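Go by the hints and put chains U, E, H and Y onto chain A.
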Amino acid sequence: MNFNGSLPLLVLASSLVPGMIIFFLPESRIRLRTTLNLAGAVLKLLLIGYMLWGVQHDQSYVFRYDVLPGLELIFKADALALLFVTLSAALWFLTTLYAVGYLEGSPHRSRFFGFFSFCVTATVGVAMASNLFTFFIFYELLTLSTYPLIVHRGTEAAIRAGNVYLAYTFTGGAVLLTGIVWLYGLLGQVEFTHGGVAAILGSEHTAQLQVIFLLLIAGLGVKAALVPLHGWLPQAMIAPAPVSALLHAVAVVKAGAFGIIRVVYEVYGIEFVQTLNLLMPLAVVAAITIIWGSLRALWQDDLKRCLAYSTVSQVSYIILGVALFGPTGTIGGVVHLVHQGIMKITLFFCAGNYAETLDVHKIIEMNGAGRRMPWTSIAFSVAAFGMIGAPLTAGYISKLYLSQGAEMVGMAWANWVLTASSLLNAAYFLPILYRLWFENQPQMWLHERIHVRGRWETHRLLLMPPLITAAATLAAGIFADTGWSPLFWVKLIAEVEFTVK
Amino acid sequence: MKNLFNALVIVLFAVLGLTLIWVILELQPPTHVHLSKQVLTQLDASGVTHPVTAVLLNFRGYDTLLEVMVLLLALLGVLAQIGKREQRNLSAWFRLSQPYLQVLLWLVRMIVPLMVLVAGYLLWVGGHQPGGAFQAGAVLAAAGVLLNLSGVLPSWAEPAWNLRTGLVFGLLVFLLVAAAVMVVASPGLLLQYPPASAGMLILLIEMGLTLSLGLILAGLFLFLSGDAIEDEAEK
Amino acid sequence: MSNLVLDLLLVIALLWSALRSLMTPNLFHAVVLFIVFGLLMAIVWVRLHAPDIALAEAAIGAGLSGALLLDTVGYLHKKQRESLS
Amino acid sequence: MFDPIPWLILLPLAWGCLAFLAGVGRGGRLAFAGLIIQLALTIVLARQIAMEGARHYAVGGWGAPLGIDLYVDGLTGVMLLLIHVVTLPLVVYARAYFSCQAEGVGYFWPLTLFLLAAMNALFMSADIFNIYVTLELLSLAAVGLVAAAGSAGPIAAAVRYLLVTLLGSGAYLMGVALLYGTYGSVSLTVLGPLLAATEISAAVFLAAMLMLTGLLLKTALFPFHFWLPPAHGSAPAPVSALLSALVIKASFYLILRLWFDLFAPLVTIPVAQLLGGLGAAAILWGSVLAFMQVRLKMLVAYSTVAQIGYLFLLFPLMMLPIPEAAESALQGGMMQLVAHALAKAAMFAAAGVMVLSAGKDDIALLSGMSSHLPLTLFAFALAGVTLMGLPPSGGFIAKWLLISSAVNGGQWGWVAVMILGGLLSAAYVFKVLCQAFLPPVAGVKFKPVRRVLEWPAFLLALISLLLGFRSGEILSLLGGG
Amino acid sequence: MSSALIYACTGAALFVFGVTGLILLSHLLRKILAFNIMGSGIFLVLVGLGQRSGTPDPIPQAMVLTGIVVAVAATGLALALVRRLLHFTGEIRLPEEP
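Protein sequence lines correspond, in order, to chains A, U, E, H and Y.
If you're matching positions, the first sequence starts at 1 in this note's numbering and goes up one per residue.
If you're matching positions, the second sequence starts at 502 in this note's numbering and goes up one per residue.
If you're matching positions, the third sequence starts at 737 in this note's numbering and goes up one per residue.
If you're matching positions, the fourth sequence starts at 822 in this note's numbering and goes up one per residue.
If you're matching positions, the fifth sequence starts at 1303 in this note's numbering and goes up one per residue.
Chain A extracted, bound-state conformation (with noise of 0.2 Å):
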């Protein structure tokens, strides 16, 4: 095995070693534990920049183990899943830091920074799988080890809301596994391919494709949280605010999203969904969900609710970018999935810091927060502002893309549902900003946690994470045309998968 192969493998062991280490830590060893979880982080963004180097030289990264003759693991870093390791490793890396200052003095956390760790393997392992088998591997994986985090408080509540996370996510996967056993029985082991593969597969065989389709939409379309499967989300907002943050900006929401698009794109074929008829319906599920989860945000009086079912929405906007039959689009839904994690994951850590510090988790409570709380606030407005799609922020150039791309298809319906959702989002974002910045404070907070404060507003731990990322929404708005921003690298991706034909 030479080196550019056992990359792929240094980069999930970077996570996972130290996962497996601080899973045996005595709960008192919080230096040594920060330590190994940091310098995994830091050594796997460094792996992933080698790699993201590397991929642009046209270096491949290819790792392949044989689980049994004609089923394969197979690794490998390409473009697409380069975005999603670079995303999720960069997000991780402040979700630790986060984490840290956030969990500082309670109980268990070796075991939390173990599942941690184990969770952001499993999230890497999703985006560098390059084919089912892998995928659905660590698909599983993340479900696993995802759970532990979900009930961490272990509370009788965080119990029932991991049952529904069980229920929903077991069942998604084992649709999933039918209809990949399925595939495989047809087509044998295939390989993610840019452009698909199943159309080499006569046209005796459409009705059993559509179908295989459709349970494997369903199977990701759980984790997705596509209406109506997404009945875990919201009550899986009962976690610890970093495993939220972690959750709905890159581990599990994403993974879904990720594995539709490596299904509609590299395993079907985008031109083959379009001519099997299964992309139209896609892409109104996509829009049902997105306004379906506006509108329920709206209603929701906890903040953290109203955000898991913002992600609900906001995550559909990558399946809409995907269902629209052309490059605008799959630019549009794909750059979503970077601008998407972080503008919700800022938008958790804020509410992470306002539970923290003021005890505030109702919307009504957070009168005046931002004069309390000013820089928190700033992060918070802006990646607010980002969702809503205003100019200068990510989101922005997300929902630019998605229009121009829904245009370019004839489909201008999809447009009326981006307005519409844009609509719904400035509806349930901007009275939290009118709360945080104009109305009064209160005499005194409460519950306010003096202790965590240092000579910030809030845990310099918890502060940092939010301002970074939130500078990242702006930074990925305004520099969206350089060279370095996720757009750029996006439109690489989008240009292999439209001209491969």
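Bear in mind the hints are in silico, worked out from the structure with no lab data behind them.
In this text the structure is predicted, and so the values were computed from the model without any measurement.
Glycine is no exception: its CB is placed at the ideal position from the N, C-alpha and C atoms.
Just so you know, not all the hints are guaranteed correct.
[Said to hold, decoys possible] Mimicking SDA-like on lysine to any residue, the simulated pairs with C-alpha atoms at most 20 Å apart in a straight line are:
| no. | chain 1 | residue 1 | chain 2 | residue 2 |
| --- | --- | --- | --- | --- |
| 1 | E | LYS814 | Y | THR1357 |
| 2 | U | LYS503 | Y | LEU1396 |
| 3 | H | LYS1252 | H | GLY1293 |
| 4 | H | LYS1252 | A | GLN235 |
| 5 | E | LYS815 | H | GLY971 |
[Stated by the list, open to error] Quick list of the computed label-pair ranges, beta carbon to beta carbon:
| no. | chain 1 | residue 1 | chain 2 | residue 2 | range |
| --- | --- | --- | --- | --- | --- |
| 6 | H | TRP1233 | A | PRO26 | 34 to 40 Å |
| 7 | H | GLY1231 | A | MET20 | 41 to 47 Å |
| 8 | H | GLY1234 | A | ARG29 | 39 to 45 Å |
| 9 | A | ASP58 | H | PHE1290 | 27 to 33 Å |
| 10 | H | ARG850 | U | PRO530 | 31 to 37 Å |
For chains U, E, H and Y alone, kept in the frame of chain A given last:
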């Protein structure tokens, strides 16, 4: 419901029984393999002249090896049940309170030495006519049971090392012979006795087995019959 | 011919003792019948030219098993008397 | 060339006798040393099989049909490796377990060693009467182990188990008698070709029926499962682990052997479908009952009932006309067997530790276990992953192979059963995990346990989890013989 | 019809008696009796079928010897367990199935 189930079972097994009988009556004798002839032709190489003993200790000696292990195993299961109890000769006191047993006692004193002789004889003739370790062991065991019933021999408690040694002695002899043959005479071949010494080896094994089988079979009774006394002692 | 009659008589005795030992209400009788069954089996083995088995059956099947069963019946009766008193 | 076959038979018997000679409660160290030697022998044998293929071994040098033949092939190799790999950690576990709780240690070691001897002999035997003897050896050892715990519950369970298993052996032996009457031989090597070459008489049908029914009874396939949960649930934890992981597999192995080697000419699709249907019923019924249990070890025992069901799905799938589907069904079934053995041993071992620590076998008392015994709970969870068939465990590979076989053959019913079974097993595994994640009930004190008790379960669970990555080797050994 | 065949048929009948008794009787001691009768039945079939032609066949005879020993071993173990159960519960029947 219960009755219905019972009736169903009875009908089912009646049908099974009739089918079995029909099948047995219909069956043609085997035409391809004639094992009993093979036994007779190979008898010379087996070291004994009695066909059943030849099968039991040479041709299918492996079965016998496992079978004596089954016996020991059953005894282990029994021992695991009796728990710890003190060895006390309560038996005689307990049983001799019944006067008619006095007669039995007298009878037993006469008969037991005879039985040991019979066991020895059975063991010896096993090589060339009916008899052998199992029958001899069974007779020994019967002697033990009689002794116990007549109150001469107490029921056994947790076996000490000497009794344990006696119980596994024959089995260990069997294993040792097997291992020795495999190392010395025919390397890597299990239970393949050299024809010249087969008779001697089989007799050796049978002697060991007679002792241990006798003890084990007697033990099944002697260990078990003790728990009546145990209850007595509890009171 | 006399052999056939003997065989049939044996079979009938065998089946009868087996059935009775399973069905008879008195447990002690059942065990005694079982011992009888064992002895009959020993005779059957002789009839089948299997003296080895006949010896073993008489000593082990009827003798030892019988003794074990009888002893257990005694134990059972003792237990039952205890629980009654 | 050194031949490990006879030593694999003699040594465990010798260990058993010596352990008995050593006295009450003794023999743990002997068992450990003996097992290491035997594991080495097994590895040598497996390598020989992999390189030279299957072979016969004539005990006593007579050869079938006069003497007894042994037969080793890939399947034998896999089974032998499996029992030694599973038992070795359990020996360490049992030593620690009985040092905490002396109840049931009495003759545990000789009984266990004889149990191993019986399995070694059984897996290698190619003689249906010899197999009967090994079956009895196995059953009596297992019953003795169950009863060793020595209170009314385990003893009633042991009596039931004993009677059922004797009935099973009886039916089996009747089949042997009929086969001997028909063909004049009890050797599989002789009988197999004879059955294939001659016209099948009614006696052979009846023999097959009796033998299979007897073995099904011992394997505890639904609806013959009634004896299993009390027996496995009330025995001491190391015993439960051995029985659930290995002993029932022995009779399943025999079914497999007889089905393919002996009765191949007379198996029909409806019979296979019937076995599969019973397997499916076992999966669903066992899982549901497992979920409803209030005692942890009973839950694990019912899970065994369910998991056995998967093994029987391979019979209808093997009858598929598509060769690849049939092959992957067999492979999947064997993977399931191996993975379940490892996982179930781990699960019972972990459950035993938790029960020991909680002082009572009750799921409701597990609250707070996640902080008290995280490693044990982790082991339980990992074993659960295998049972659920989630990646990357051996159970996943098994399920993948079985499902792909069923999908390729268009057998959607079996697919649905397997999927549903996986979800149901998730339900009962997570029932335990959820309880353990709850905060401890005030006033409940957990007893501390020795660390050495925690590791064997974890090791076994880890092996079952990582098995998925090495399944290629197992299946190539399986196919090599 | 040779006498061996008669005994083989008797064996079949005894086997059925035994199995039925083992399943239906609830008294444990009777179950043990039934098991022994079942065993004897099987042994008769084994030897009887093997010696249909009238010549003694040592192979099944040796097997039956083995079988008798195994049966007595099982009987001993079963009785030990039954006595223990009796000691604990005072019952000689199994509790109803759970």
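- Query: Okay, which hints does this one fail, numbers in order?
  - Reply: Numbers 1, 3, 6, 8 and 10 - these are the hints that the structure violates, sorted from lowest upward.
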